[in-house]
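**Q** What follows is the residue order along each chain.
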Amino acid sequence: MIIPFGQDPVHMQLAMAVSELESCNREIERHGLSLTTQDIQTLVAGRLESLEVSERVEFGGGVVKHIVLAFAGSPFVSRENLVPTVLELQELFYDFKNESLEQIPDEDLIAKMRSLFDDPAQGDLTFLAEALFEGLGRHMREEAVGDPGAADATADNAVMNAYTLAAHRYNVSDWVDETYAPGWEGSSWLDE
Amino acid sequence: MRLSVDENELASPEELVAFQERFLRLLERRTAIYTMGDSTSVPNHVAADLLRSICFVLGIDPDESEVPQRLLSVDLEDEFRQGLAEIERTVERAQALWQEVCVAMPMFPNLALRDTLTSIGDFFARYDYRSMAHEIPCSIDYPLCHPVPESLSGVDYITEYLRRLMIEAQFLQRFEFKACDRVVARSYADHIELLINLYEPVATNAIGLVLAGKDPVGLLIVDEDRAEIARRLGSVAEAEQGRVIREAALEVCDALGVEGRGAREYLCELAPELLPRVAVGLAHGGLRGVFVG
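Quick mapping for you: the protein sequence lines, in order, are chains A and B.
So for the first sequence, numbering that gives the first Met the number 0 puts the first residue at 0; every next one is plus one.
So for the second sequence, numbering that gives the first Met the number 0 puts the first residue at 0; every next one is plus one.
This is chain B alone, in the form it adopts within the complex:
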């Protein structure tokens, strides 16, 4: 197995052997802690999970053969302890963020949203970061407008999920609840039980109103607005439509007072997703399926 150090530089054989020995001792010790000293052996899948957990704490990607340079010259046990301490702090921050999201999110009657927020609350009690730091012991059914990358795991995944959910919640807060509820209800056949994202149709309508030259806060789009949107987007080349939609998204942010860079970028990322839907709508005589009313 090749053990490469950052920048694709190969470790020397001596560095490889030394690292393997230290890593093996760390794995042995963590396994003993996991079994509380009661067992010298564990099932393969437990060992694999403990290995993944150690890699998560140390910042090693177990699916790659690269090891951060710093790990070759440090006490791995000490590094691991520091990693655990950092994860503990991350968990505390994530829990605080979860509480903020619960307060910020408007009370839409969507079961997936409710159950997901509840389940994430249980995550903090179930998360065994000492032995299974890579795990995500909760059910996350509510789909974000822009999903969290699968490459994240453990509390990092939860933190990023909550960060994005907070962006969505704070955006939805800027509209009247009834207006949002109407848009969502007209976007989906069953907006209570289906696994649907609430931010996307609201953000889409807000962008549509700006494209129609109107204030986005009302969220109500009528046929005249769709006609104006079609005229505006139809008057530019397809390659330019993405830029026009993105600029409209930034105008929405300005109009609603969305100042955070992350939140502004989050809305702008809707542009490439809207493009194909708009193209189909323009080609087939209407944007009613894109900008609901």
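Next up, chain A with everything else stripped away, as it sits in the complex:
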């Protein structure tokens, strides 16, 4: 299939993303943070790479601006680690959108990621990722397969229409396992 786009639409979106990130500085300054031109270029490039890896398409400036604004106030984000943290959060965000079968709105997911990032992850991105995927992801998949009123689990989710999506919105807060703790690295009952 020939998609009737050349390079210009990609440049349009890049320009929009740069513009949106530049506008973030006004808000994140009060947290002692700022994004240089180089930082912005790095984040925009990282966004493209994350989208390609996660096999997603994004319009407009994307979600990166919202991630920057949401996490700027975290006590575990500093001037030094802002860009690498946002890059990793962005990647985690897109991966989780795939994992959750598109059933969590962007806003809710970012809010929950921020909440988990501060506590119990204490700024540990690996912990955050494990908490998200192990806890919420499993619960979403179980619900999607087990609910007789849900869409056909074998159907291509791409064809779920808006009405079906609306019927299966979940309150993210109900599912995240906030008591999650990393597995004990010692022996388990399987070892016995």
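Hints are computed from structural coordinates only; laboratory data are not their basis.
For every residue, glycine included, the Cβ atom is placed at its ideal position computed from N, Cα and C.
It is possible that some hints are incorrect.
Some chain A residues flagged as far from chain B (calculated, every beta-carbon gap over 10 Å) [as the list claims (entries may be wrong)]:
1) 25
2) 31
3) 54
4) 105
5) 128
6) 129
7) 134
With the Cβ distance kept under 10 Å, some of the chain A side facing chain B (calculated, not the full set) [as the list claims (entries may be wrong)]:
8) 17
9) 33
10) 53
11) 59
12) 106
13) 107
Label-pair distances were calculated between CB atoms; the ranges are [stated by the list, open to error]:
14) B:35 <-> A:114: 20 to 26 Å
15) B:43 <-> A:138: 24 to 30 Å
16) B:35 <-> A:17: 51 to 57 Å
17) A:110 <-> B:58: 39 to 45 Å
18) A:47 <-> B:62: 23 to 29 Å
19) B:13 <-> A:52: 31 to 37 Å
20) A:114 <-> B:113: 50 to 56 Å
21) B:88 <-> A:114: 35 to 41 Å
22) A:52 <-> B:120: 39 to 45 Å
23) A:133 <-> B:184: 58 to 64 Å
24) A:28 <-> B:68: 29 to 35 Å
25) B:43 <-> A:17: 22 to 28 Å
Following the hints, put chain B in place on chain A, whose structure we already have.
**A** Relative to the frame of chain A, chain B by itself:
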């Protein structure tokens, strides 16, 4: 990418950029509607489906680089809305046609036919023409005598399928049910569970009876009829046999009162399909496998 406008005329670079921008805005907006504003991103395959859907509504073939001339100078959003409205009307007409087909089709005990008619009924509830207009969310197992071209999609495919099915149903109505059932049962080992077309053997026998110089309405063909068919077709050159069969098909239409041009052409299209079967039958001593009795 070359963006050509009708008649293989290339669009100017300015036209290309302007069209791309407007198309991208339309795609962005439709994606936002699809996600109900909850997500700025979608999986690649969802974006591809939304793109195909937009192309379907606008009348663009996504596998070709040609864009209708009119789209270069119109408001795409407005054009899209008009396209959706037209599709909505097409869906209503298709649903009415489906109901007519359900009434017209004789109650043959063929599972594929029954399940297909049921599934098409569900299509109208499942068809999301606002986001996935190119999709055909139903199972169509019953094979037509002349299949719908694969180039059609969405409600256009369904409409054409039902149009052809109606032609077949109205043709079958012209015979006694028992006569049709006998022909079908003698044509296939299992005419209930197999994916077989019911029109084809009935139409074939009707054409055969005309070739044998008899009234097609009885559908019963005996050995003497096959002998006469073999004599008649064997007496003309192979190149002429197609014309003879086609003329017989038109005689069937006249005898049964089939007046519609589409229905007459549908029966005549059987001629080229019968030719190779007739050739094999004539070469191997009998037409029993072509004209059943």
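**Q** Would you mind marking each hint as holding or not holding in the structure?
**A** Comparing the hints with the structure gives:
no., hint, in the structure
1, 25, "holds (21 Å)"
2, 31, "holds (28 Å)"
3, 54, "violated (5 Å)"
4, 105, "violated (5 Å)"
5, 128, "holds (18 Å)"
6, 129, "holds (23 Å)"
7, 134, "holds (21 Å)"
8, 17, "violated (16 Å)"
9, 33, "violated (24 Å)"
10, 53, "holds (8 Å)"
11, 59, "holds (6 Å)"
12, 106, "holds (8 Å)"
13, 107, "holds (8 Å)"
14, B:35 <-> A:114: 20 to 26 Å, "holds (23 Å)"
15, B:43 <-> A:138: 24 to 30 Å, "holds (26 Å)"
16, B:35 <-> A:17: 51 to 57 Å, "violated (27 Å)"
17, A:110 <-> B:58: 39 to 45 Å, "holds (42 Å)"
18, A:47 <-> B:62: 23 to 29 Å, "holds (27 Å)"
19, B:13 <-> A:52: 31 to 37 Å, "holds (35 Å)"
20, A:114 <-> B:113: 50 to 56 Å, "holds (54 Å)"
21, B:88 <-> A:114: 35 to 41 Å, "violated (49 Å)"
22, A:52 <-> B:120: 39 to 45 Å, "holds (43 Å)"
23, A:133 <-> B:184: 58 to 64 Å, "holds (60 Å)"
24, A:28 <-> B:68: 29 to 35 Å, "violated (52 Å)"
25, B:43 <-> A:17: 22 to 28 Å, "holds (23 Å)"
Of the numbered hints stated above, those contradicted by the structure are hints 3, 4, 8, 9, 16, 21, 24, listed in ascending order.
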